[in-house]
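Asker: Protein chains in written order, with our numbering: chain A, 1 to 135; chain B, 1001 to 1565.
No lab work stands behind these hints: they were computed from the structure.
These numbers come from a predicted model, not from an experiment.
Do not rely on the hints blindly, as some may be mistaken.
Unchecked claim - Have a look at the derived ranges for each label pair, beta carbon to beta carbon:
#1 B:Asp1540 / A:Ser126: 48 to 54 Å
#2 A:Arg123 / B:Ser1113: 35 to 41 Å
#3 B:Leu1346 / A:Leu21: 48 to 54 Å
#4 A:Leu21 / B:Leu1020: 18 to 24 Å
#5 A:Glu94 / B:Glu1200: 36 to 42 Å
#6 B:Gly1129 / A:Leu21: 47 to 53 Å
#7 A:Glu94 / B:Gly1197: 47 to 53 Å
#8 A:Ser126 / B:Leu1241: 44 to 50 Å
For every residue, glycine included, the Cβ atom is placed at its ideal position computed from N, Cα and C.
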Amino acid sequence: MNPGTFLVVDDSKLHHQMYQLIFSRSELAGSTVFHAYDGREGYEMFMAHPELTVVFLDLNMPVMNGLEFLHRRQAEHLHPQVPVVLVTTESTAEDEARGLEAGAWGYLCKPFAPEQLLALVGRASSRLSQRIARP
Amino acid sequence: MTGPDHPFAALLAEYVAECLPLAEEVVEQSLALERAWRDGHQADELFRPLKGTLHTIKGNSAMMGLTGLQTLAHRLEDLWGVLAHEPASRGAGAALFVRGTGLLADLVRATASGPPPEGATTDYLEEVGAFLASDRGAREAAREERRSPDRRAADRRSPKASGEIGADGAVTTIRVDSRRLDALLESFGEAMIAHAGLGEAMRQISARRRPTAEMAQLERAMLGLDRTLKRLEGALLETRLLPIATVFSRFTRLVRDVAHDEGKRVRLEVAGGETRLDKTVIDRLGEPLVHLITNAVIHGIERPDERLAGGKPAEAVITLRAVQRSDRVILTVTDDGRGLDPEGILRKARAIGQAPAVETPSLAEIYALAFLPGLSTADRVSHLSGRGVGLDVVANSIRALSGNVSVGSEPGRGTTFSLRLPLTVAVLRSLLVEVSRERYALPLADVAETVRVRPDTLHQVARQGMMTWRGEVIPVMDGALALGGGAAESRRYCVVLRSAARHRGLLVDSLLGHHDVVVKALDPSLGRPPAVAAATILGDGRVACILDTGRLADGWIEPVAAAAS
């Protein structure tokens, strides 16, 4: 797994530091990580970066939550190639279905271990390189 | 518990830095809440935001491996749920809640020097467990006592709350996955379309043949079906309505945070939270409201010293109000700030070449310009608003819900944004019209009147079609031109449309009457003409576009052909 470009959208500063820590202690060390603290800020960064490897999107945020982010992205057909992982605490099956319906590529449930996050990134980037290999 | 080998052990100080203020806020608010409840106030603005804050603390604690804190926050959320649904439990429950929040803050604080010892919360958790268990029984008994026999019967007729057991032990309410309701509505839509098809076929048969007893019988059966479908529609839509308080609850904290960042003092007042709207509308209302409220705090409200100098109280008030008017809900966001600057708006509009055609526009017309893309009178860029996302985005998301938005303002006194929203987005009361053999549906709520066009009422002023209507001169546009579907022709009717600033006329060939049409969303990947909001299937199986009257009004400067005689 090679370093990539990531966007973390979360209103908790703590979580941003957790992502940083996980990346820096793994094969992903040296990745570029963009940080946004609410959905709207995140969406603007997302618009500007079609090259993102994965977006980690918190569900509960002030100023545009994760689901609103996904709906807007779906409506605008913005960078459909970029996998967006929805991050939640204790989601119900219904929440999960709603997220996937809105175009989330994957789900990450808090608390998650670094290995879980890395496995998701691995899956996302192999899918991406497969797609590039077979145009 | 977080040991030195926990992956995030290095972030313990960060955890405390983030969670301690949140926990202290929870303590403070629950204390205020306990006081307010004791004085008999509802105090929803204190109560609602607590859940989100507890949820954040829980999530952060879980990530840090602080399972004791995670469990405590989780139990407090449970307790919150009981207090939310059972006002009767608020006496003892509130005291227990306050104690728990205190414990939470203490433990978060203590975490600075290491994870709290195992068992620090055991006693409290047991107490909460006992309360939740005993309270459930007590609640049910209390409810039985309060309920008179009539009331019980009434409850069986219209079950509202969730998961309740009736007096006779039968389930009176069940929780349903909202997607099932969506599917039900979808099927109902198909039934409506089939019904319209049946009606159309019947009309054609009865136009061609002499009336027979069988036909009369068929017509009676159709009328019955008609009424049943209407009732079914009402009942179905009723199940999808949610109180708007579910979206209002997010804003107290938002206002406080933004006001704090901006060095302002602002209080949010909420009225009409019990007003109900379709779930889909509620889901999509959050973002535009966040935008309007953030805007009000940042741009509308003055700094405390400016306010005092202007003879106003230092603390500003933003009022969020919802009220139902027939099949629409009117939502207003009012601030008591400096008001809009009409000259500034006009100057900016002229700068981007969007000034109104009229020489001396009215105030309402000037304010309507504020919704144009690229027009924001704020000179300053803040981190929340003013990033190029303007009022046009708000207007677009409201229009996407078949609603519209307008603004009124009084310099020095404040600004009010009014959002008119349909109760539902599934069925639209509309006027069907025909333009160059194509059929279109116009939302009935936006139609002021329909008039027969007479040549003497139609004029051409500087390439712009104008018409005198009820003593007012209004701009008119040819239907085909407006919809990009061909050339201007002479048309027989004019549909006068309401819009934020002034009335406008759309010239059409014929009026096909009022219909309840089933709204079918367009696939966004297909792209769509700007004036089309959605589509519907008519009785004869033809597809008709539902027009977006707000957008129609945007590009309104085209000539018209001479009117028919």
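Asker: What are the numbers of the hints that this structure violates, sorted from low to high?
Answerer: 6 and 7
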